[in-house]
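Listed below are the residues making up each chain.
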Amino acid sequence: MADTTPPITDTITGAQLSAVTFSPAKGLARNGYEPRDVDTFLRRTAEAVDRLNDRLTATQQQLQNAALEIQRLRDRIDRDSQTQHVQQAISVLTTAQITADSTVAQADQYSARVMEQARDVYEDARHNAATLEQETEDKARAVYQDALRRVADLEHDNEERLTQLTLAATIAEQELDSQTIYLRTLRDATRVQIETFLHGLLDHLAEEYGQAHPMAARAATGRATATNGSAATDTTTTQTVNAR
Amino acid sequence: MTDIDTAALKENFAVVAAHGPDEVALYFYSYLFLRYPQTRDMFPPAMTRQRDRLVGALVRIVTNVDRVDELVPYLQDLGRDHRKFGTVTAHYPAVGEALLATLRHFSGDTWTDDLAADWAAAYGLVAGAMSGAAENAAHTEPAYWEAEIVEVDHRTFDIAVLTVRTDEPLPYLAGQSISVEPTTTRPREWRWFTPANAPGGREIELHARLIPGGSVSTALVRASRPGETFRLGPPFGRMTLDPHSQRPLLMVAGSTGLAPMKAMIGQLARDGGRPTHLYFGARSEREAYDQLALTALNDRHPWITVVTATSDDTRWPGPHGPIGDIAAASGDWSDHDVYVCGSPAMVETTVKQLLVAGVPEKDIRFEEFGQA
Numbered sequence: 001m002a003d004t005t006p007p008i009t010d011t012i013t014g015a016q017l018s019a020v021t022f023s024p025a026k027g028l029a030r031n032g033y034e035p036r037d038v039d040t041f042l043r044r045t046a047e048a049v050d051r052l053n054d055r056l057t058a059t060q061q062q063l064q065n066a067a068l069e070i071q072r073l074r075d076r077i078d079r080d081s082q083t084q085h086v087q088q089a090i091s092v093l094t095t096a097q098i099t100a101d102s103t104v105a106q107a108d109q110y111s112a113r114v115m116e117q118a119r120d121v122y123e124d125a126r127h128n129a130a131t132l133e134q135e136t137e138d139k140a141r142a143v144y145q146d147a148l149r150r151v152a153d154l155e156h157d158n159e160e161r162l163t164q165l166t167l168a169a170t171i172a173e174q175e176l177d178s179q180t181i182y183l184r185t186l187r188d189a190t191r192v193q194i195e196t197f198l199h200g201l202l203d204h205l206a207e208e209y210g211q212a213h214p215m216a217a218r219a220a221t222g223r224a225t226a227t228n229g230s231a232a233t234d235t236t237t238t239q240t241v242n243a244r
Numbered sequence: 001m002t003d004i005d006t007a008a009l010k011e012n013f014a015v016v017a018a019h020g021p022d023e024v025a026l027y028f029y030s031y032l033f034l035r036y037p038q039t040r041d042m043f044p045p046a047m048t049r050q051r052d053r054l055v056g057a058l059v060r061i062v063t064n065v066d067r068v069d070e071l072v073p074y075l076q077d078l079g080r081d082h083r084k085f086g087t088v089t090a091h092y093p094a095v096g097e098a099l100l101a102t103l104r105h106f107s108g109d110t111w112t113d114d115l116a117a118d119w120a121a122a123y124g125l126v127a128g129a130m131s132g133a134a135e136n137a138a139h140t141e142p143a144y145w146e147a148e149i150v151e152v153d154h155r156t157f158d159i160a161v162l163t164v165r166t167d168e169p170l171p172y173l174a175g176q177s178i179s180v181e182p183t184t185t186r187p188r189e190w191r192w193f194t195p196a197n198a199p200g201g202r203e204i205e206l207h208a209r210l211i212p213g214g215s216v217s218t219a220l221v222r223a224s225r226p227g228e229t230f231r232l233g234p235p236f237g238r239m240t241l242d243p244h245s246q247r248p249l250l251m252v253a254g255s256t257g258l259a260p261m262k263a264m265i266g267q268l269a270r271d272g273g274r275p276t277h278l279y280f281g282a283r284s285e286r287e288a289y290d291q292l293a294l295t296a297l298n299d300r301h302p303w304i305t306v307v308t309a310t311s312d313d314t315r316w317p318g319p320h321g322p323i324g325d326i327a328a329a330s331g332d333w334s335d336h337d338v339y340v341c342g343s344p345a346m347v348e349t350t351v352k353q354l355l356v357a358g359v360p361e362k363d364i365r366f367e368e369f370g371q372a
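Chains as they are written, first to last, in the working numbering: chain L, 1 to 244; chain F, 1 to 372.
By construction, these hints were calculated from the structure, which means they are not laboratory data.
Treat the hints with care, as some may be off.
[To be verified] Facing chain F, according to a computed beta carbon distance under 7 Å, are these residues of chain L, among others: (1) V20; (2) A58; (3) I90; (4) T94; (5) Q97; (6) D101; (7) S111; (8) A112; (9) M115; (10) E116.
[Stated by the list, open to error] Calculated Cβ distances over 12 Å to all of chain L for the following chain F residues: (11) L26; (12) F28; (13) R35; (14) A90; (15) T110; (16) V161; (17) P171; (18) T183; (19) W192; (20) Q267; (21) L268; (22) R286; (23) P322.
[To be verified] Quick partial rundown of chain L residues pointing at chain F, CB under 7 Å, derived from the structure: (24) A89; (25) L93; (26) D108; (27) L176.
Positions of the beta carbon are idealized from the N, C-alpha and C atoms, including for glycine.
Go ahead and model the full structure; you've got the sequences and the hints to work with.
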């Protein structure tokens, strides 16, 4: 057999078979392969195929056994699911789960309680702050309103005073007016009296001196002035008067 | 479910449930984890909420077992949503086995081969509807979206507005909700939140209010930091805008129930706007946490009227009282599309008052969410 022929082992592959080469035939027949090589190859291949077949059968048997075993186990499990062991296992698992659940529930409850308390504290603080703010605002409003009221009162007082003053002023004005009227009337009456007196005096003078010489009239006028206290005294007219 | 004796199933379920719903659920999960330990990782450490969910789902399925039209959409949503937990088709037989073992355990002597066959057939239909919907959804959307926190804005000590950016757009409708898992701080805990912005971009605004003892709300409000990642589940919910309606809108929101209203207003603004009255109620001025945004909306859009009322704040200059009372008494809403969102108590009283005020029941939309 030529060196190129691979050893055929338990596992025989298509690639191995494809790769097989044989030495050319020796002697006179130049066509074909060396028969001894081919015989050896065929024998080894046959052995390998037999071994593979055996293994296939064994594997199939194992598979069948396994399937039977699985079925047997399944049946047993189905049967056993009602048995003591399975029920015990289920019971243990159930207890463990309940324990876990209650632990988690306790933690959740604790966290809920803490959160509720935190929220209460927060709401309380907020409420207190709001109340305080409200109270402060109420107080401020009361003070403001009180001030407003006082201002209003003051305004009211002032208005009253103003009214009174206005009234007083009006009265005073009226009094002043009536006094003014009285005085004006008095003045007018006095003027009329004085005018009447003066007219009477002038009439008297006219009667006394109306036909007199212009010089005498002038002298009469001068004398009249003198009787009023005039310093401009003419000795001659004085004498004239005295002469009368 | 023509070949299944549904009456017998209901009767058997009543027998089983008589042992106490929590007992039954405990047994179910213990069996499941014992037989298939790898499924334990899909659930949170504390299972109380999970058991409630299971019982709730089972009751709903068994109650509606005769009404396929009710049941199938619910199961399809459930299947689609379960992808976020890492549920794959291969998990369904395990759950079926645990369910049957549980039913058999609590049925005692009343268990029969016929019951076993009927339950197996019924579960097969349920699992088929769920896993079928999940496989369909897998062609169009991921099991969940990764989202990174961009901003955490603490409006008060117990209300935060979070902005997250998803790895790819999450195709929700304005008003719909998504489930959120704080992946690093609360793995495998999912809760519903509603985006407060209209869809389209990769950023989502979430309004979170701290619930005392609530693990996810605490994680969101107090423990979230920019850079941290969340997982977001697929969108659900039917409280959305009617694209064919031209009617005016009334929106009544309590506290973080404001989020879907803001998303819908964003959508309305995009679509040209419709006369909208938004009544927002908070306990106090402090809890009126989004006034800047509301004032901005009011100023920007002439078709919006925003009224903010407080129920417990004597110093608030605006209206006082429960927001439902104020909204219902403020006008004739009988020709409006009405949306209500808030705490369950607020939604209940508001809906009642609006009905009394003459709004037809079909025109009032609100969301009832169970646990995510």
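Right, here's what the structure says about each hint:
1. V20: violated (45 Å)
2. A58: violated (30 Å)
3. I90: holds (4 Å)
4. T94: holds (5 Å)
5. Q97: Holds: closest Cβ of chain F sits about 6 Å from L:Q97, inside 7 Å.
6. D101: holds (5 Å)
7. S111: Holds, about 5 Å.
8. A112: Holds, about 3 Å.
9. M115: The hint holds - L:M115 has a Cβ within 7 Å of chain F, the shortest such distance being about 4 Å.
10. E116: Holds, because the Cβ-Cβ distance from L:E116 to chain F comes to roughly 5 Å (cut-off 7 Å).
11. L26: Per Cβ check, F:L26 is inside 12 Å of chain L; nearest 5 Å; violated.
12. F28: Nearest chain L Cβ is 10 Å from F:F28, so the label is violated.
13. R35: Incorrect as stated: the minimum Cβ-Cβ distance to chain L is 7 Å, not above 12 Å.
14. A90: holds (16 Å)
15. T110: holds (15 Å)
16. V161: holds (19 Å)
17. P171: F:P171 is indeed farther than 12 Å from all Cβ atoms of chain L, at 34 Å.
18. T183: About 19 Å separates F:T183 from the closest Cβ of chain L, which puts it past 12 Å; holds.
19. W192: Holds, because the least Cβ-Cβ distance between F:W192 and chain L comes to about 19 Å, which exceeds 12 Å.
20. Q267: Answer for F:Q267: holds, closest chain L Cβ roughly 34 Å.
21. L268: Check passes; 35 Å lies beyond 12 Å.
22. R286: Per Cβ check, F:R286 is inside 12 Å of chain L; nearest 7 Å; violated.
23. P322: holds (19 Å)
24. A89: holds (6 Å)
25. L93: holds (4 Å)
26. D108: holds (4 Å)
27. L176: violated (61 Å)
When the structure is compared with the earlier hints, violations turn up for hints 1, 2, 11, 12, 13, 22, 27 and for no others.
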